[in-house]
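A.B. asks: For reference, the chains in residue letters:
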Amino acid sequence: MESADLKLDGNALGGLLGEIFVSEMTVARSTCAACGAVREVGALAVYAQAPGTVVRCPGCDAVLLRIARGEGRIWLELRGVSCLELRTGS
Amino acid sequence: MSFVTRGFRGRRRETDESGRVPPGQYRTDDFPVLSAGPTPHTPLAEWSFTIASESGEELARWSWEELRALPSETVTVDIHCVTKWSKLDTTWEGASVDTLLAGIETDAAYVTAWSDGGYTTNLPLEDVTDGKAWVAFGYDGEPLDPEHGGPARLLVPHLYFWKSAKWVRGLRLMDDDDPGFWESLGYHLYGDPWREQRYWGD
Numbered sequence: 001m002e003s004a005d006l007k008l009d010g011n012a013l014g015g016l017l018g019e020i021f022v023s024e025m026t027v028a029r030s031t032c033a034a035c036g037a038v039r040e041v042g043a044l045a046v047y048a049q050a051p052g053t054v055v056r057c058p059g060c061d062a063v064l065l066r067i068a069r070g071e072g073r074i075w076l077e078l079r080g081v082s083c084l085e086l087r088t089g090s
Numbered sequence: 001m002s003f004v005t006r007g008f009r010g011r012r013r014e015t016d017e018s019g020r021v022p023p024g025q026y027r028t029d030d031f032p033v034l035s036a037g038p039t040p041h042t043p044l045a046e047w048s049f050t051i052a053s054e055s056g057e058e059l060a061r062w063s064w065e066e067l068r069a070l071p072s073e074t075v076t077v078d079i080h081c082v083t084k085w086s087k088l089d090t091t092w093e094g095a096s097v098d099t100l101l102a103g104i105e106t107d108a109a110y111v112t113a114w115s116d117g118g119y120t121t122n123l124p125l126e127d128v129t130d131g132k133a134w135v136a137f138g139y140d141g142e143p144l145d146p147e148h149g150g151p152a153r154l155l156v157p158h159l160y161f162w163k164s165a166k167w168v169r170g171l172r173l174m175d176d177d178d179p180g181f182w183e184s185l186g187y188h189l190y191g192d193p194w195r196e197q198r199y200w201g202d
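So the sequence lines, in the order shown, correspond to chains A and B.
Heads up: the first sequence begins at 1 in the working numbering, then just goes up one per residue.
Heads up: the second sequence begins at 1 in the working numbering, then just goes up one per residue.
Calculated directly from the structure, the hints in this document are not laboratory data.
Using N, Cα and C, we set each Cβ at its ideal position, and we do this for glycine too.
Treat the hints with caution; some may be incorrect.
[Claimed, not checked] Coverage of chain B stretches by chain A, computed from C-beta distances (three or more under 8 angstroms per stretch; other residues unrestricted): (1) 30-36; (2) 180-193.
[Said to hold, decoys possible] Below, in silico cross-link-like pairs of lysine-lysine (BS3-like), each with a Cα-Cα straight-line distance of 30 angstroms or less: (3) B:87 <-> B:132; (4) B:84 <-> A:7; (5) B:132 <-> B:84; (6) B:87 <-> A:7.
This is chain B alone, in the form it adopts within the complex (with noise of 0.2 angstroms):
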């Protein structure tokens, strides 16, 4: 017996029979804003994506327009962020991680994704190869909001979506996993969410 009836649950979440939602997770339909700081707004004339070895030495870098003119893919996910909503079905434009690191020789473990306005995270490399990682610049088929992370952030789907840095500028290559803005302050430094790793010792 409940004694709880069911006027007074409060706000009622979407349930999902999908098992498609991880645990502790919920479901929406809505896109809901986070954001740790003022959203930059870098012209596109004065935008570019680096990939960088550890010590800051620049190995590829494309303007806005180069890396435009990439190969890119549409690619359709669920994304989980760590707050507990969980989103399905969502569709991106960007380019392939493995399309940037092509031809970058690296005996490198870690990446440190860096972003506008001072936000990194940290992730292991085969974590953004083999097709489990993109640049994305377009959502729902538009270019992708400033407030979402345009002009592009990173989309890395199967991690919490902490790990899919907006306004991401550049890939550092690293030998450690060096811990990014939330992973140095109680974060999960891997951040699975079928696994429920939100924060340290998860």
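The following block holds chain A by itself, in its conformation from the complex (with noise of 0.2 angstroms):
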């Protein structure tokens, strides 16, 4: 197996994100802090296959976020998006 078959695309990260964010997170738009590429989070990598969930940039490979969850807890790290926008609805 390759490793593109351990990659999801950022679609996948709808429920995991849906526990932590009041807001639709697939089209929340999220700036990569290494290459400034900006993204919709749908459109985002994702490796799930992993004691945590990590996503990076499709551009550039940087870890963008990365989630972890266990006991009752979860643990989310953003040091790699410099900017996240999110839908208000209104």
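From these two lone chains plus the hints, build me the complex, please.
C.D. replies: Take a look at the structure:
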């Protein structure tokens, strides 16, 4: 199996991010702190076959955000996102 | 009395009576592939393994050929992934970390392993010495597949397998325990499967 088989797109994040954020996150737009690319979360590269979920920039492979969960807790790290644009619905 | 009949248990997992499967784990005969990013494919001609000081000073370095020329060991060990699978009697070939650290004087108490692709993991120095850890380049009699961490991965079978860093390129000797990729995101600093040290506070 090649690593491409382990890579999902950001739409796979809808449920997990929906537990954390009020907004619909797959249409949120994130700015990569490493290369500056702005993309919808649904278009990001997701590696979920791991102890946590790792979301990377599809352009430069930098880690944008990481999420782990266990025993009633969620850990969220957003160091690789320099800006997150959320839809408010109004 | 159980309200769940045998037919409704979902996927059946192998039970194990050997006493070798830690609490909360199930035994698998597969070898699941886990990855936090794309698989690196560093050419062997550009590959090296480095022992560095905490400040980054290079203390020792081996090319691929030099590493393969070191004495190697074949070990058969059980491995335990924090995602709850355990695999018994896995056979690896590699160079002992003792061999790599021989001749290096250090007062360090910890090491941080680093890998191609940016992965890191932290371990006490005493957990990678005295025959407890290897830089493994062979699995089951074959060269280690890239999907399982080839050309070489760290092998520290007595700790959860996230400590056995895939695509490892070096060890940095550290005075203090510096949380690595998963250890900085809720996962336990040490990761003993027999004490179920999965998360912070376990």
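A.B. asks: If any of the earlier hints don't hold here, list their numbers in rising order.
C.D. replies: none
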